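Novice: Turn these sequences into a full structure, and let the hints guide you.
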Amino acid sequence: MSVALLDIRRGGPGEAPRRQRYEVPFEPGRSVLDGLRWIREHEDPSLAMRYACLNANACKECMMLLDGAVIYACTARLEEREMRLDPLPNKPLLRDLATSIAPPDERPPEPARPAPAP
Amino acid sequence: MTEAMPGVRGQGAAGHIETDVLVIGAGGAGLYAAIEAARSGARALVIDRSLIGRGGATVMAQMTVAAAIGTEQPDDWRDHWRDTLAAGRGLCDARLARLLCEDGVEVIREMDRWKVGWARHADGRIRQAFAPGHDRPRCVYVDFLSTGPAVSRTLRTQAQRQEGVQRMGEMLVTDLVVSDGAVQGVVALDLAHGVPVTIAAGATIIATGGLTRLYRRNSASANMAGDGYALALRAGAALIDMEFVQFFPIGHLAPRMVGMDPIMWDPFRYKLGGRLLNGVREEFVDRYGSTDSGKYVTTRDLATYAITKEVAAGRGSPAGGAWLSFEHVPEAVLRENFGPVIDRLAANGIDLTKTAIEVAPIAHYHMGGIRVDTSMSTGLPGLYAAGEAVGGANGANRLSGNAITEALAFGRVAGREAARFAKGGIAWDAAKAADGVALARAAGPARPGWNPAAGFARLQDIMSDLVGPFRTEAGLAEAASRLSALAAELGEVPPGPPLPHDLARADWFDLRAALLVAETVILSATERRESRGAHQREDYPGLDPAWETNQVLTLDGGALRLAQRAVVKEAA
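As you go down the protein sequences, you meet chains S and B in turn.
First residue of the first sequence? That's 1 in this note's numbering, and the numbers climb one at a time after it.
First residue of the second sequence? That's 119 in this note's numbering, and the numbers climb one at a time after it.
Please note that a few of the clues may not be correct.
[Unchecked claim] Simulated DEER-style distance windows between Cβ atoms:
1) B:254 with S:1: 52 to 62 angstroms
2) S:105 with B:549: 54 to 64 angstroms
3) B:254 with S:5: 47 to 57 angstroms
4) S:5 with B:436: 26 to 36 angstroms
5) S:2 with B:254: 47 to 57 angstroms
6) B:275 with S:69: 29 to 39 angstroms
Calculated from the structure, these hints are not laboratory results.
From a predicted model like this one, the values you see are computed outputs, not experimental measurements.
Backbone N, C-alpha and C define an ideal beta-carbon position, used for all residues, glycine too.
Specialist: This is the structure:
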């Protein structure tokens, strides 16, 4: 079986970043987002990335870095090679590949944090 | 930060927000509702589980928006109304259908004033395309295949400009808060931070769209999993016509494309006709009681039936659908009509002058939904619905072009009526929200090996295989039994502590909602022992006049209750 090897940055803000590699089945024409959704369904549902419209490139949510360049995961094609995926570097990190991309006045309010122990 | 945001204040561990009108869902219906509520003097908060104005189904619309504005040729909303009722195969709520057609004219004109960019003739008249089921050209659109993005962008801009509208994305509503039968607001999971938030509202509008994500092949976004139906049902509201799921007959099947909407071939057919062919390259739709030679006149239910039957008879295309051919259309004509889309097709390796593509039915829209009156009230004090989330206007089959019109027209009514109701003030009984808050933040035991994303995929497979456009009693019973096994696996509490952008947790809540909604579809489809519009029973072929009745569902002590209700035939 031919595979694409996705090398993904995992973790949230304040955590030591770690990289995790997944083999996903390669079929010509599939997108990187197809690969990420395959991982969630078959290997690891905890993987975080943004998407809403699946394939139409209408929601524009699935921006991330592929080998250092900004892509839409729904239009970038899977390839039979190692592909390195990182979250957008210039947006606040939520977790894994998901970043906070909404305009500041459309984000949920910052939750109140418990007071630090004296 | 909270001081700068009207209506937001801190409250202990779970954040708490207050607003006059809360709108759940920021597609066409939700944004229009929020704008209209604010214009009516209310503070409106519109929330979405995704980003504002980018999720839902509206942004996915490719082309047609039906309204009798009469710029292509003389037209009247009554003619649009008549076509809508005919397409609905006897089951439309005539009052809701009338509202769609009559108010639709005004909202389409308002969208034009807001500079949505409806395509125009050289002399400035708005273009209207012909779509199947309409008696004349009636559908406005934005070139090229940009109707949905243009409508979403325009409404988002208006919502930004409108004083009194606050917008907030990444909020997944998990429960409505009900006290003495009245809806006081919601419990939501703030997906960005992984924390529960409560929102008290004078009135709440559900504008969450339909249930197309219940099917593996669907044309809407990942957000359309029937969650609004489940919220309404659990709060005590009624659902109607749940058996009627519209399958869009010519969803893209092969070759695999990226960056394109699977329903993109509809506009090609509107503008260029095209030929629908079976696996042996014969035209076939005429065998099923319609014609399809070059003109696009066949309604969606009939075309879905014809393609599925042809595939079942062994005459499908290689990937299991039908061929759609524009090979006879010259390149220059393709470019004139679709400009940059032709380049996007080329990037996918598709040259329409040389190859046909394969298409097959795909879940597209849900005619059923939350039962409302003409003020979009659910009957529960404080709870309204709008857009595709509403059932009844389109009966057993929706006419092409009616979805965006419905979203905008119903959104406007819901916003106005909710603002009026919210003048009664905000009530909040925190104790009634406690269970919902506890569930949203619950950290159930880790369950290695159980995958909620895989669980949702299983639900999609069951629904696609057994509760698609063609149903049998045995198949529906099999689906019910498999879904109840899946429900048993779901458990009472989502596993693990909530994390930022926790898709697995969202999947758990989505699956909880989808299992309940799937049950309503199966129960209604099992009971309706006839074939009508989008509901086709292999074991009860043909329309039975005795079944010209709506089915209404409520939740009673945890059990679904199904009742028949006479169709509302006259406009009030």
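Novice: Hint by hint, say whether it matches the structure.
Specialist: Now for the hints, and whether the structure bears them out:
Distance hint check: the CB atoms of residue 254 (chain B) and residue 1 (chain S) are about 54 angstroms apart, consistent with the given range 52 to 62 angstroms. Roughly 32 angstroms separates the CB atoms of residue 105 (chain S) and residue 549 (chain B), a value that falls outside the hinted 54 to 64 angstroms. Separation of residue 254 (chain B) from residue 5 (chain S) is about 56 angstroms and conforms to the stated range, judged on CB atoms against 47 to 57 angstroms. Judged by the Cβ atoms, the range 26 to 36 angstroms given for residue 5 (chain S) and residue 436 (chain B) holds: they are separated by roughly 30 angstroms.
Separation of residue 2 (chain S) from residue 254 (chain B) is about 53 angstroms and conforms to the stated range, judged on CB atoms against 47 to 57 angstroms. In this structure the supplied range 29 to 39 angstroms holds for residue 275 (chain B) paired with residue 69 (chain S), their Cβ-Cβ distance being about 30 angstroms.
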